[in-house]
Amino acid sequence: ILLFSGANKITVSNVEIVRVDLAFSIDNVTEVNINNVKIMEPTAITDVPKGAFRIRNMYQSSIKNVTIDGNGMQGILFNIYQNLVDVLISNITATNINDLHLFHADSSSNVKNLVVNNSTFEMKKVTTQRARFRGVGSTALFENNTFINTGAKYSSLFSNDAGTSISLTQNKHSGFTNLAVTSDASILSNNIDLDK
Numbered sequence: 102i103l104l105f106s107g108a109n110k111i112t113v114s115n116v117e118i119v120r121v122d123l124a125f126s127i128d129n130v131t132e133v134n135i136n137n138v139k140i141m142e143p144t145a146i147t148d149v150p151k152g153a154f155r156i157r158n159m160y161q162s163s164i165k166n167v168t169i170d171g172n173g174m175q176g177i178l179f180n181i182y183q184n185l186v187d188v189l190i191s192n193i194t195a196t197n198i199n200d201l202h203l204f205h206a207d208s209s210s211n212v213k214n215l216v217v218n219n220s221t222f223e224m225k226k227v228t229t230q231r232a233r234f235r236g237v238g239s240t241a242l243f244e245n246n247t248f249i250n251t252g253a254k255y256s257s258l259f260s261n262d263a264g265t266s267i268s269l270t271q272n273k274h275s276g277f278t279n280l281a282v283t284s285d286a287s288i289l290s291n292n293i294d295l296d297k
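Following our numbering, the numbering of the sequence shown begins with 102 at its first residue and continues without gaps.
It is worth saying that the hints were derived from the structure and are not from the lab. Among the hints, a few may not be true.
Keeping only pairs whose Cα atoms sit at most 30 Å apart, straight-line, the calculated DSBU-like set for lysine-lysine is [said to hold, decoys possible]:
(1) K139 - K213
(2) K226 - K254
(3) K139 - K110
(4) K273 - K226
(5) K226 - K297
(6) K165 - K225
(7) K110 - K225
(8) K226 - K139
(9) K139 - K273
(10) K273 - K297
(11) K165 - K139
Generate coordinates for the entire structure from the input sequences, incorporating the hints supplied.
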C-alpha cells in the first residue's frame, strides 16, 4: 500500500504494486500526480475488502496510465470520500474485475470537476450497478471510455443519485442493456452500445 496523507506537489511514476489488498490510500493531498503504475495480483490480506484507490480530500491532481489486473481483488476500484476537486483519471486499463464497484462516492462526498477519460474497464461478472455518485451537487465527466461486461448481460452500469450532474459522453459499452439505469440522474450523450 502507498499512503499519501497531507502530500503536496508529489509525482509517483513507474511503480509496480503486487499482492496487496489496497494499492493507494490518499488523504488530504494537492497536486499529486500518479502516472505509469501497475497493480497486479491483488490479495485479501484483511477481512475488510478494499480495492485499488481509496481517496479522501484530493485536489488538483491526476491518476494516469494505470494498469490493474483485478483477478482476486475485493472492495472498490476507486472509493471516494469527502472532497474530490479538479481531478483527472485517464488511460486506466482494468481487467478481470469480478463484480466490484468501479467508482463509488458516498452521500457525504463532494465531487467537483472530476474527469474520467480514455480508459477501459473489463468486468467478468456484474450483479448490480457498479458506478455510483451520491453526493448532492457532485459533477463529473466520463468521456471516451469503454465498459465491457463479459459475463451474463446486466441491465445497466451507472446509478447516480438525484442532485448529481454526471455526464456520460462518447463512451462505449458491451454486456449492458443501457449504460445507466432508467432512474439515473446522469446526462447521457453519444454513447455507443457495442452489442447493437
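Do the hints match the structure? See the list:
no.: 1; hint: K139 - K213; verdict: 27 Å, holds
no.: 2; hint: K226 - K254; verdict: 9 Å, holds
no.: 3; hint: K139 - K110; verdict: 21 Å, holds
no.: 4; hint: K273 - K226; verdict: 18 Å, holds
no.: 5; hint: K226 - K297; verdict: 20 Å, holds
no.: 6; hint: K165 - K225; verdict: 23 Å, holds
no.: 7; hint: K110 - K225; verdict: 37 Å, violated
no.: 8; hint: K226 - K139; verdict: 22 Å, holds
no.: 9; hint: K139 - K273; verdict: 24 Å, holds
no.: 10; hint: K273 - K297; verdict: 11 Å, holds
no.: 11; hint: K165 - K139; verdict: 11 Å, holds
Checked against the numbered hints listed earlier, the structure breaks hint 7 alone; every other hint is satisfied.
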